[in-house]
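Participant: Please put together the full structure from these sequences, using the hints given.
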Amino acid sequence: MGQTLFDKVWDSHVIKKIDNGPDVLFIDRHMVHEVTSPVAFLGLKKRKIKVLFPEKTFATADHNTPTRNQHMPVKDLLSKKQLEALEKNAKEHKISYWGLGHQKNGIVHVIGPEHGITLPGATIVCGDSHTSTHGAFGAIAFGIGTSEVEMVLSTQCIMQPKPKKMRITVNGKLSKSVTPKDVALFIISKLSTSGATGYFVEYSGEVFSNMSMEGRMTVCNLSIEMGARGGMIAPDKKTFEYIKGREFTPKNDYWKKAMDYWKKLYTDEDAIFDKEISFNGSLIEPMITYGTNPGMGISINGGIPNSDEQDGSKKTFLKSLEYMNYREGDKIIGKKIDFVFLGSCTNGRIEDFRAFTKIVKGRKKAPNVTAWLVPGSHKVEKAIKEEGLLTILKDSGFELREPGCSACLAMNDDKIPTGKYAVSTSNRNFEGRQGPGSRTLLASPIVAAAAAITGKITDPRKL
Amino acid sequence: MGYDKFKILKSKAVPLAIENVDTDQIIPARFLKATERVGFGDNLFRDWKYKPNNEIKKNFVLNDHKYSGKILVGGKNFGSGSSREHAAWAIYDYGFRCVISSFFADIFKNNCLNIGVLPVQVSAKFLDIIFKEIYKNPKTLITVDLDLQTIKIKKTNYKEDFDINEYKKNNLLNGYDDIDYLLNLKESIKEFSKQTPL
Ligand code: SF4
Numbered sequence: 033m034g035q036t037l038f039d040k041v042w043d044s045h046v047i048k049k050i051d052n053g054p055d056v057l058f059i060d061r062h063m064v065h066e067v068t069s070p071v072a073f074l075g076l077k078k079r080k081i082k083v084l085f086p087e088k089t090f091a092t093a094d095h096n097t098p099t100r101n102q103h104m105p106v107k108d109l110l111s112k113k114q115l116e117a118l119e120k121n122a123k124e125h126k127i128s129y130w131g132l133g134h135q136k137n138g139i140v141h142v143i144g145p146e147h148g149i150t151l152p153g154a155t156i157v158c159g160d161s162h163t164s165t166h167g168a169f170g171a172i173a174f175g176i177g178t179s180e181v182e183m184v185l186s187t188q189c190i191m192q193p194k195p196k197k198m199r200i201t202v203n204g205k206l207s208k209s210v211t212p213k214d215v216a217l218f219i220i221s222k223l224s225t226s227g228a229t230g231y232f233v234e235y236s237g238e239v240f241s242n243m244s245m246e247g248r249m250t251v252c253n254l255s256i257e258m259g260a261r262g263g264m265i266a267p268d269k270k271t272f273e274y275i276k277g278r279e280f281t282p283k284n285d286y287w288k289k290a291m292d293y294w295k296k297l298y299t300d301e302d303a304i305f306d307k308e309i310s311f312n313g314s315l316i317e318p319m320i321t322y323g324t325n326p327g328m329g330i331s332i333n334g335g336i337p338n339s340d341e342q343d344g345s346k347k348t349f350l351k352s353l354e355y356m357n358y359r360e361g362d363k364i365i366g367k368k369i370d371f372v373f374l375g376s377c378t379n380g381r382i383e384d385f386r387a388f389t390k391i392v393k394g395r396k397k398a399p400n401v402t403a404w405l406v407p408g409s410h411k412v413e414k415a416i417k418e419e420g421l422l423t424i425l426k427d428s429g430f431e432l433r434e435p436g437c438s439a440c441l442a443m444n445d446d447k448i449p450t451g452k453y454a455v456s457t458s459n460r461n462f463e464g465r466q467g468p469g470s471r472t473l474l475a476s477p478i479v480a481a482a483a484a485i486t487g488k489i490t491d492p493r494k495l
Numbered sequence: 008m009g010y011d012k013f014k015i016l017k018s019k020a021v022p023l024a025i026e027n028v029d030t031d032q033i034i035p036a037r038f039l040k041a042t043e044r045v046g047f048g049d050n051l052f053r054d055w056k057y058k059p060n061n062e063i064k065k066n067f068v069l070n071d072h073k074y075s076g077k078i079l080v081g082g083k084n085f086g087s088g089s090s091r092e093h094a095a096w097a098i099y100d101y102g103f104r105c106v107i108s109s110f111f112a113d114i115f116k117n118n119c120l121n122i123g124v125l126p127v128q129v130s131a132k133f134l135d136i137i138f139k140e141i142y143k144n145p146k147t148l149i150t151v152d153l154d155l156q157t158i159k160i161k162k163t164n165y166k167e168d169f170d171i172n173e174y175k176k177n178n179l180l181n182g183y184d185d186i187d188y189l190l191n192l193k194e195s196i197k198e199f200s201k202q203t204p205l
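If you read the sequences in order, they're chains A and B. Residue 33 is where the first sequence starts when you use our numbering, and the numbers rise one by one after that. Residue 8 is where the second sequence starts when you use our numbering, and the numbers rise one by one after that.
Honestly, the hints are just simulated from the structure, not real lab data. Errors might be hidden in some of the hints.
For lysine-lysine, the following PhoX-like pairs were computed, each having C-alpha atoms within a straight-line distance of at most 25 Å [claimed, not checked]:
1) A/295 - B/83
2) A/78 - B/40
3) B/40 - A/113
4) B/201 - A/126
5) B/193 - A/78
6) A/196 - B/83
7) B/143 - A/347
8) A/194 - B/176
9) B/19 - B/161
10) A/80 - B/193
11) B/159 - B/176
12) A/296 - A/49
13) A/351 - B/201
14) A/77 - B/58
15) A/82 - B/193
16) B/193 - A/49
17) B/83 - A/307
18) A/49 - B/197
19) B/40 - A/112
20) A/411 - A/283
21) B/176 - A/347
22) B/12 - A/77
23) A/276 - B/201
24) B/159 - B/132
25) B/40 - A/77
26) B/14 - B/197
27) A/269 - A/288
28) A/351 - B/64
29) B/58 - A/452
30) B/19 - A/194
31) A/194 - B/193
32) A/80 - B/12
33) B/161 - A/351
34) B/64 - A/347
35) B/40 - B/12
36) B/201 - A/288
37) B/65 - A/351
38) B/176 - A/346
39) A/351 - B/58
40) A/307 - A/288
Keep in mind the model is a prediction, meaning the values are calculated, not measured.
Facilitator: Here you go:
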């Protein structure tokens, strides 16, 4: 019987199989940030051990960092302490560390691909659930907890049972203004936030093979929002072109050797998945969420469903609408909004800024909207300036912040105030995710741009 | 490094009958700024426990003194969202040793097992019964026996078996952790690393 892409990568990294237990899996790349690592480093200290392979670990500061005045000392003392701890730990263990202000600094899942740390066929982990982003390159990438961060630092391995396999196929042609974000929000709305729990997903079909690498990253990024351990897409010409020549990508003979391995990374025709699902891509419309989990999404012209139509408990559904102050049956279009957030590891890359800019060009930001435009990395920030996007954005009344996770999880000062509505290109609309009492509507950069111009939920095709 | 051993837990339980409880609710991001594992229990379900002005929300179950115990019973799809282990720490620090639900998110479940909190997955029907029995009598005792892999509601005939993989079970019963195991494999790990193509 043939193997799936996932099998090939997973099986080639198993050091040991434990009967009735997990596999011991070797990890090629480990990304570390300031929030989920300090306790892990403390664990190493208690055990009096060092990082086993410092050259396989990369550290950045992103979750907790300010997006203004990064050249100044960090004002929040607790954040500052976390950043200092990471810097100290990185130094002590000889790990490369790209701290605040460093030209390679940015959101962990944005900088991995930018610098060739993310590679096809690699196993990649990080103490952040959206590590699934790196699956866009045909890597097995997933988020881990702090105990596991400690495991990887000390032994370069984790112990996990092999997940089940699911393939999601989307064929057909996407319509205008339908972005990778919409494809992902559409799939999650069909599967629910737990529909892929226990599975590792492979995305296949025309829609994904036609997608840019950045688009694939957006889709894989959101895999975790349907409960999947991760998602991956088989590497192709586009993938190899993207990674070639980047700083940490193998060179010369190493490239050739790696290529021998990468070329085998596809799902064999006779391979079997535990679950197969397929959708028609041409039916997908621009999406937006109305509730408090990413599965509560509808097409932008749709109505909020009735509680009776829900699979889950009616009580939970109504609690969610009450939090949003929305009613069953309401249309989402035309709803007033207060904030727009463009950024995060889901939609904080250059293509996202291009798409946003294209919509707002020659128009003015609505006066009632506060917009936070936060690039995913310094590299993205630089490109925004060099490509002339910043001038256009400024003309339309927008300003650019400095890179970081920002309002995606609102650990820094970028918090949406209580009761306010934010159209956000990030990945989670949980209660309070963007600040206590904040109300989040997840959407694509294009839908976010349209809302920023009109001050309400607007179909970008009708602008 | 290890944690407390887990064998049999007999306790009252706290019913949180909400689905899709995500880790942002269990512990909001603004409380993740510590560099040590201390004090997370105080902020467990912070924004469900308190209003923005720090007033107590009386109708939230953790503020209802009728209910107490070392077992937390949650609705379906418990622990979705962020990978923050702080969520499991907060549950542990608050005093829970076991979480019962009809479905758990993967990373959360792993995190619990790694720090000595037992996630017990029961059928949807059994979960319903647990909620009903606790609502009827908040003093209802539940016995979770890890060795036998059974969960029983005392003074009733309600009982169910639950699954856990042998390796993790053994770890919990003995208070071992994965790092101890992996450190013993160090030499084979080093060998293995030489033959990887990346
Ligand atoms: S942008 Fe959001 S999801 Fe991405 S790494 Fe940062 S906090 Fe996590």
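Participant: Determine for every hint whether it applies to the structure shown.
Facilitator: Hint check:
{"no.": "1", "hint": "A/295 - B/83", "result": "violated, 41 Å"}
{"no.": "2", "hint": "A/78 - B/40", "result": "holds, 21 Å"}
{"no.": "3", "hint": "B/40 - A/113", "result": "holds, 8 Å"}
{"no.": "4", "hint": "B/201 - A/126", "result": "holds, 20 Å"}
{"no.": "5", "hint": "B/193 - A/78", "result": "holds, 18 Å"}
{"no.": "6", "hint": "A/196 - B/83", "result": "holds, 20 Å"}
{"no.": "7", "hint": "B/143 - A/347", "result": "holds, 19 Å"}
{"no.": "8", "hint": "A/194 - B/176", "result": "holds, 17 Å"}
{"no.": "9", "hint": "B/19 - B/161", "result": "holds, 10 Å"}
{"no.": "10", "hint": "A/80 - B/193", "result": "holds, 15 Å"}
{"no.": "11", "hint": "B/159 - B/176", "result": "holds, 18 Å"}
{"no.": "12", "hint": "A/296 - A/49", "result": "holds, 23 Å"}
{"no.": "13", "hint": "A/351 - B/201", "result": "violated, 54 Å"}
{"no.": "14", "hint": "A/77 - B/58", "result": "violated, 39 Å"}
{"no.": "15", "hint": "A/82 - B/193", "result": "holds, 12 Å"}
{"no.": "16", "hint": "B/193 - A/49", "result": "holds, 15 Å"}
{"no.": "17", "hint": "B/83 - A/307", "result": "holds, 21 Å"}
{"no.": "18", "hint": "A/49 - B/197", "result": "holds, 17 Å"}
{"no.": "19", "hint": "B/40 - A/112", "result": "holds, 9 Å"}
{"no.": "20", "hint": "A/411 - A/283", "result": "holds, 22 Å"}
{"no.": "21", "hint": "B/176 - A/347", "result": "violated, 35 Å"}
{"no.": "22", "hint": "B/12 - A/77", "result": "holds, 23 Å"}
{"no.": "23", "hint": "A/276 - B/201", "result": "holds, 23 Å"}
{"no.": "24", "hint": "B/159 - B/132", "result": "holds, 14 Å"}
{"no.": "25", "hint": "B/40 - A/77", "result": "holds, 20 Å"}
{"no.": "26", "hint": "B/14 - B/197", "result": "violated, 35 Å"}
{"no.": "27", "hint": "A/269 - A/288", "result": "holds, 15 Å"}
{"no.": "28", "hint": "A/351 - B/64", "result": "holds, 15 Å"}
{"no.": "29", "hint": "B/58 - A/452", "result": "holds, 16 Å"}
{"no.": "30", "hint": "B/19 - A/194", "result": "violated, 35 Å"}
{"no.": "31", "hint": "A/194 - B/193", "result": "holds, 21 Å"}
{"no.": "32", "hint": "A/80 - B/12", "result": "holds, 24 Å"}
{"no.": "33", "hint": "B/161 - A/351", "result": "violated, 32 Å"}
{"no.": "34", "hint": "B/64 - A/347", "result": "holds, 18 Å"}
{"no.": "35", "hint": "B/40 - B/12", "result": "violated, 29 Å"}
{"no.": "36", "hint": "B/201 - A/288", "result": "holds, 17 Å"}
{"no.": "37", "hint": "B/65 - A/351", "result": "holds, 16 Å"}
{"no.": "38", "hint": "B/176 - A/346", "result": "violated, 35 Å"}
{"no.": "39", "hint": "A/351 - B/58", "result": "holds, 16 Å"}
{"no.": "40", "hint": "A/307 - A/288", "result": "violated, 35 Å"}
Violated hints, listed in ascending order, are 1, 13, 14, 21, 26, 30, 33, 35, 38 and 40; each of the other numbered hints is respected by the structure.
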